[in-house]
Amino acid sequence: MRVVWSKLAEKRMDDVFEWYERKNKSVAIKIYNEILDSVEILKTFPYIAAIEPLLVDCAKTYRSLVVKSLFKIVYRIENEDIYIVTVWNCRQKPNNLRGEIGE
Numbered sequence: 003m004r005v006v007w008s009k010l011a012e013k014r015m016d017d018v019f020e021w022y023e024r025k026n027k028s029v030a031i032k033i034y035n036e037i038l039d040s041v042e043i044l045k046t047f048p049y050i051a052a053i054e055p056l057l058v059d060c061a062k063t064y065r066s067l068v069v070k071s072l073f074k075i076v077y078r079i080e081n082e083d084i085y086i087v088t089v090w091n092c093r094q095k096p097n098n099l100r101g102e103i104g105e
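For the sequence shown, this note's numbering gives the first residue as 3, with consecutive numbering after it.
These are computed hints drawn from the structure, not numbers from a lab. Ideal Cβ placement from N, Cα and C applies to all residues, glycine included. Treat the hints loosely; a few may be bogus.
[Claimed, not checked] Simulated crosslink set (DSSO-like; lysine-lysine; CA at most 30 angstroms straight-line):
| hint | residue 1 | residue 2 |
| --- | --- | --- |
| 1 | Lys62 | Lys25 |
| 2 | Lys62 | Lys95 |
| 3 | Lys70 | Lys25 |
| 4 | Lys13 | Lys70 |
| 5 | Lys13 | Lys25 |
[To be verified] Pair ranges (Cβ atoms, derived):
| hint | residue 1 | residue 2 | range |
| --- | --- | --- | --- |
| 6 | Ala52 | Val6 | 12 to 22 angstroms |
| 7 | Lys27 | Ala61 | 37 to 47 angstroms |
| 8 | Asn26 | Glu105 | 33 to 43 angstroms |
| 9 | Val5 | Leu72 | 18 to 28 angstroms |
| 10 | Leu72 | Lys9 | 19 to 29 angstroms |
| 11 | Thr63 | Lys25 | 27 to 37 angstroms |
| 12 | Asn26 | Lys62 | 33 to 43 angstroms |
| 13 | Ile79 | Asp16 | 30 to 40 angstroms |
| 14 | Gln94 | Lys25 | 32 to 42 angstroms |
Please model the complete structure; the sequences and the hints are all you need to start from.
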């Protein structure tokens, strides 16, 4: 399957890296790479993650894969494409996720 990153997801990845880089660059690189490695797993096993419970009543079906208990890779599957919608920081208010993705 092919992975397509939304502009928002790319921005969130930049945000994650920049925030951790201010604290510790090696940690920033490690977390960034762990997220990317998780996305690679989705290429082979796109249904490995559960349907995102906070978005279950949306028009589209969203799934989320948790990385390090800190982030969720929120994505949807269409045909042979995996659309990464956002990389959600799990420490945010859960109810803000719907607004984050525009649903």
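Open item on the list: Need the status of pair Lys62, Lys25: alpha-carbon distance at most 30 angstroms?
Closed with: Violated, at about 37 angstroms.
Task: Cβ separation of Thr63 and Lys25, checked against the hinted range 27 to 37 angstroms - done: holds, 35 angstroms
Task: Range hint compliance [Cβ, Ala52 to Val6, 12 to 22 angstroms] - done: This hint holds: roughly 21 angstroms between Cβ atoms.
TODO: Go ahead and decide if the range 19 to 29 angstroms is satisfied by the Cβ distance of Leu72 to Lys9.
DONE: For Lys9 against Leu72, whose Cβ atoms are near 22 angstroms apart, the range 19 to 29 angstroms holds.
- [ ] Given the hint that Lys13 pairs with Lys70, test it: the Cα-Cα distance must not exceed 30 angstroms.
- [x] holds, 19 angstroms
Open item on the list: With the threshold set at 30 angstroms, check whether the alpha-carbon distance from Lys70 to Lys25 stays at or below it.
Closed with: Given pair Lys70, Lys25 holds - Cα atoms ~18 angstroms apart, limit 30 angstroms.
Open item on the list: With the threshold set at 30 angstroms, check whether the alpha-carbon distance from Lys13 to Lys25 stays at or below it.
Closed with: Cα-Cα ~19 angstroms, so holds.
Task: Given pair status - Lys95, Lys62, alpha carbons within 30 angstroms - done: Distance ~22 angstroms between Lys62 and Lys95 Cα, so the pair holds.
Open item on the list: For the hint 30 to 40 angstroms, verify it against the beta carbon of Ile79 and that of Asp16.
Closed with: violated, 24 angstroms
Open item on the list: Given a hint of 18 to 28 angstroms, does the C-beta separation of Val5 and Leu72 actually sit inside it?
Closed with: Check passed, 21 angstroms falls within 18 to 28 angstroms.
Open item on the list: Taking the Cβ atom of Lys27 and the Cβ atom of Ala61, is their distance within the range 37 to 47 angstroms?
Closed with: holds, 40 angstroms
TODO: Return holds or violated for the Cβ distance of Asn26 and Glu105 against the range 33 to 43 angstroms.
DONE: holds, 34 angstroms
The earlier numbered hints that this structure contradicts are 1, 13 and 14.
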